[in-house]
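**Q** Now for the letters of each chain:
Protein chains: 2
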Amino acid sequence: MGKKLIVQKFGGSSVANVERIQNVAKRVVSYRKKKHDLVVVVSALGDTTDELIELAAKINQHPAEREMDMLLSTGEQISVALLAMAIHKLGFEAISFTGAQVGIITDSSHTRARIIKINADKIKEAIKNGKIVIVAGFQGVTLNQDITTLGRGGSDLTAVALAKELKADECEIYTDVKGIYTTDPRIEPNAKKIDEITYDEMLEMASLGAQVMQGRSIEVAKKFDVPIHVRSSFEKDTGTMIIKEVKKMEEVVVSAITLNRGESKITICDVPDHPGVAAKIFKELAGNGVSVDMIVQNVGHLRQTDISFTVNKTASPKTLKITKKVAKKIGAGQVLEDADIARVSIVGVGMKSHPGVAAKMFEVLAINKINIEMISTSDISISCIIQKRFAETAVKSLHDKFGLGK
Amino acid sequence: MGKKLIVQKFGGSSVANVERIQNVAKRVVSYRKKKHDLVVVVSALGDTTDELIELAAKINQHPAEREMDMLLSTGEQISVALLAMAIHKLGFEAISFTGAQVGIITDSSHTRARIIKINADKIKEAIKNGKIVIVAGFQGVTLNQDITTLGRGGSDLTAVALAKELKADECEIYTDVKGIYTTDPRIEPNAKKIDEITYDEMLEMASLGAQVMQGRSIEVAKKFDVPIHVRSSFEKDTGTMIIKEVKKMEEVVVSAITLNRGESKITICDVPDHPGVAAKIFKELAGNGVSVDMIVQNVGHLRQTDISFTVNKTASPKTLKITKKVAKKIGAGQVLEDADIARVSIVGVGMKSHPGVAAKMFEVLAINKINIEMISTSDISISCIIQKRFAETAVKSLHDKFGLGK
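Line by line, the protein sequences are chains A and B. Per the numbering used here, residue 1 is the first one in the first sequence, and the count goes up by one each step. Per the numbering used here, residue 1001 is the first one in the second sequence, and the count goes up by one each step.
Since the hints were made in silico from the structure, they are not lab data. Certain hints may be false.
Straight line, CA to CA, 27 Å or less: simulated DSS-like cross-link-like pairs of lysine-lysine [said to hold, decoys possible]: (1) B:K1222 / B:K1247; (2) A:K318 / B:K1089; (3) B:K1313 / A:K58; (4) A:K167 / A:K34; (5) B:K1058 / A:K33; (6) B:K1117 / A:K122; (7) A:K223 / A:K244; (8) B:K1167 / B:K1192; (9) A:K406 / A:K192; (10) A:K124 / A:K3; (11) B:K1131 / A:K58; (12) A:K236 / A:K283; (13) B:K1318 / A:K89; (14) A:K89 / B:K1396; (15) B:K1089 / A:K58; (16) B:K1167 / B:K1128; (17) A:K247 / A:K236; (18) B:K1058 / A:K26; (19) A:K236 / B:K1058; (20) B:K1192 / A:K117; (21) B:K1026 / A:K58; (22) A:K283 / A:K324; (23) B:K1033 / A:K58; (24) B:K1122 / B:K1178; (25) B:K1280 / B:K1313; (26) A:K388 / A:K313; (27) B:K1236 / A:K122; (28) B:K1058 / A:K131.
Beyond 10 Å from chain A on every Cβ pair, some chain B residues (computed) [unchecked claim]: (29) A1016; (30) Q1022; (31) P1063; (32) Q1077; (33) H1088; (34) K1128; (35) D1146; (36) E1284; (37) L1336; (38) P1355; (39) V1364; (40) K1369.
Just so you know, even glycine gets a beta-carbon here, dropped at the ideal spot from N, CA and C.
Required output: the full structure, derived from the provided sequences and hints.
**A** Okay, structure coming up:
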């Protein structure tokens, strides 16, 4: 194995306290001893970001986003300085940088900025000088020198973008789990760590509620073909490789089962069944910043129909309020909420070429006497809304029937 | 009173918690309502800096100074963001900046950097756009974009330097006392707030242990003739003006009495009395970073002499070790430490033109049966080392006899 350039990203839980920072330092140094060049991206210590958000809320419940970024970006700045000190303590050279210092240039959409370009000269120079480079994740700077943050999953994005820019050989995302699993091991103890998964499957899983990586950084990795290695910061074992195409002797049809219990189902009854009515409802919701997930419209009878859709539970009070107003305006009936639902999905690039996968899923649920309330499909996933009390049974039986267990 | 440009600096205790930050915001806004342009310099919240130093020490007892600056500069960055939010909450426009963002360019002496120049364009532009400008104190940036800090009293220095650069009409230093006093009011309840004091007197007081402002920022204020107003952040009353020359009907001979109980006296006995011996001792101490204060050499007898000097108590273990080694080398006798001493000083530009001030000081101490162990004088101060148990009596009687009481 020759000398490589490796980008490593450590999340907040990996640097939550002094001992963990020291462990990250040891891990980084163990790679350095193998002569690899290293760029280490770090998140804020443990709950620092949440604490800063709380502090700001005490002063101003609607803080200016520019000032919020000024505040939150300190979290990662603290992490990089401490990690550099910990690496120095082990006798190795390291230098820390803020997002601004390494030229992570973003647009000015504070709190959710997009990376425009990276001027990586400073990093390249530091690497050339034999230093382990430590970069604050989650943050950048506008051309006008205002500090920005990249939003949720921002540190992953920093790592992927740097890996792309530096043409890194590897991009390792260290987290508190061993990798990507066939399903949530807390629900199904038989869940297996997946060795390789495609960008598309991972994107699908992220959008279906898997928490390990945000969709945004996977999209960038896919776009620039940056291979990602998701692995545990507490163990040595390899984790899951997220790559373009998985080549196996025997094709796996379904790669994983996901579960999302964070949504509510909203139903508008007796909607007048003529063109443009659905548009009115969802335009109004979108205009108010409500992101709607699955939508199902029943077959109409008597020129009336029911429309159901799901939204994140946190958005449901706002959604109900808006929907009731619109329902009245368009002459629809009652608006009902069902918070006791779950979305169970099967994901796999293999299902594209295998007919009958959906039928098999519905059959498994039927055998378990689980009623399907809504269905939605994509090229590589099928999702069913069911009652929440059946969620774990559904996950376990699907996991078993699609042969994902150990 | 027309529209002014005012620089206001609030120390860590003035922004120690949410309520105090809100109070600072109200105070700043009250000036804004009078149409003044404002540049507000803020320190880190309460004990944040000390907490960060402790955290770093747990990871590396000798942290790299560059990384220390990276770490510590986050403290002020948090303060400026929160103060901006608090001002927004009151309905006024404000924008926060780090030292780097407003172009406070320093040399690369990390943890004690010196300001080289300030590119104040960003501040001027923000002021022109009607904004209250909030600047992180204590920090700057090198031409190479490395973050630096200015050392103790750094936020005062930021304020004074900005006041100079912006040609501000006033520079207000807000603190937790009402101003500069004729002596420490905790010792002498009769101590009076001084209305006006010269830069030179203030410099002398700072070097003699008065804690309100560090000498460094006063030096810069003196150099560029920036008038400083030291006042309380908790009250409305005016405080003390530090200016070039105080013009009064009747000249005050002595302006203040200072007390420093933080020093130890080190005595080297039986030092061979020939040229170059003292040089050897103090060169060795300086080379080891020990800053020696007063030095007294007794008149020699039998070709031997005693040399006494004072050092800060925190440096005394190191000093003793070095001194004992040197004493042995040069053939001197015992090295003794007396930690129970105090330095009491009288300060005043008036004493230059008034003979007999020293005599009066010695007489006051003699009447109170206080033995003087060492004496040192400058143009505008006289200091005596006495036993610590007499310190308060000395301060009170000098304060009274030089007519400084209310």
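**Q** Each of the hints needs a verdict: does it hold here or not?
**A** Checked hints:
| no. | hint | result |
| --- | --- | --- |
| 1 | B:K1222 / B:K1247 | holds, 17 Å |
| 2 | A:K318 / B:K1089 | holds, 25 Å |
| 3 | B:K1313 / A:K58 | violated, 42 Å |
| 4 | A:K167 / A:K34 | holds, 19 Å |
| 5 | B:K1058 / A:K33 | holds, 24 Å |
| 6 | B:K1117 / A:K122 | holds, 24 Å |
| 7 | A:K223 / A:K244 | holds, 10 Å |
| 8 | B:K1167 / B:K1192 | violated, 31 Å |
| 9 | A:K406 / A:K192 | holds, 6 Å |
| 10 | A:K124 / A:K3 | holds, 15 Å |
| 11 | B:K1131 / A:K58 | holds, 23 Å |
| 12 | A:K236 / A:K283 | violated, 49 Å |
| 13 | B:K1318 / A:K89 | holds, 24 Å |
| 14 | A:K89 / B:K1396 | violated, 51 Å |
| 15 | B:K1089 / A:K58 | holds, 11 Å |
| 16 | B:K1167 / B:K1128 | holds, 15 Å |
| 17 | A:K247 / A:K236 | holds, 25 Å |
| 18 | B:K1058 / A:K26 | holds, 16 Å |
| 19 | A:K236 / B:K1058 | holds, 26 Å |
| 20 | B:K1192 / A:K117 | violated, 60 Å |
| 21 | B:K1026 / A:K58 | holds, 16 Å |
| 22 | A:K283 / A:K324 | holds, 14 Å |
| 23 | B:K1033 / A:K58 | holds, 24 Å |
| 24 | B:K1122 / B:K1178 | violated, 33 Å |
| 25 | B:K1280 / B:K1313 | holds, 22 Å |
| 26 | A:K388 / A:K313 | holds, 13 Å |
| 27 | B:K1236 / A:K122 | violated, 49 Å |
| 28 | B:K1058 / A:K131 | holds, 23 Å |
| 29 | A1016 | holds, 13 Å |
| 30 | Q1022 | violated, 7 Å |
| 31 | P1063 | violated, 5 Å |
| 32 | Q1077 | violated, 5 Å |
| 33 | H1088 | violated, 6 Å |
| 34 | K1128 | holds, 15 Å |
| 35 | D1146 | violated, 8 Å |
| 36 | E1284 | holds, 30 Å |
| 37 | L1336 | holds, 39 Å |
| 38 | P1355 | holds, 56 Å |
| 39 | V1364 | holds, 52 Å |
| 40 | K1369 | holds, 54 Å |
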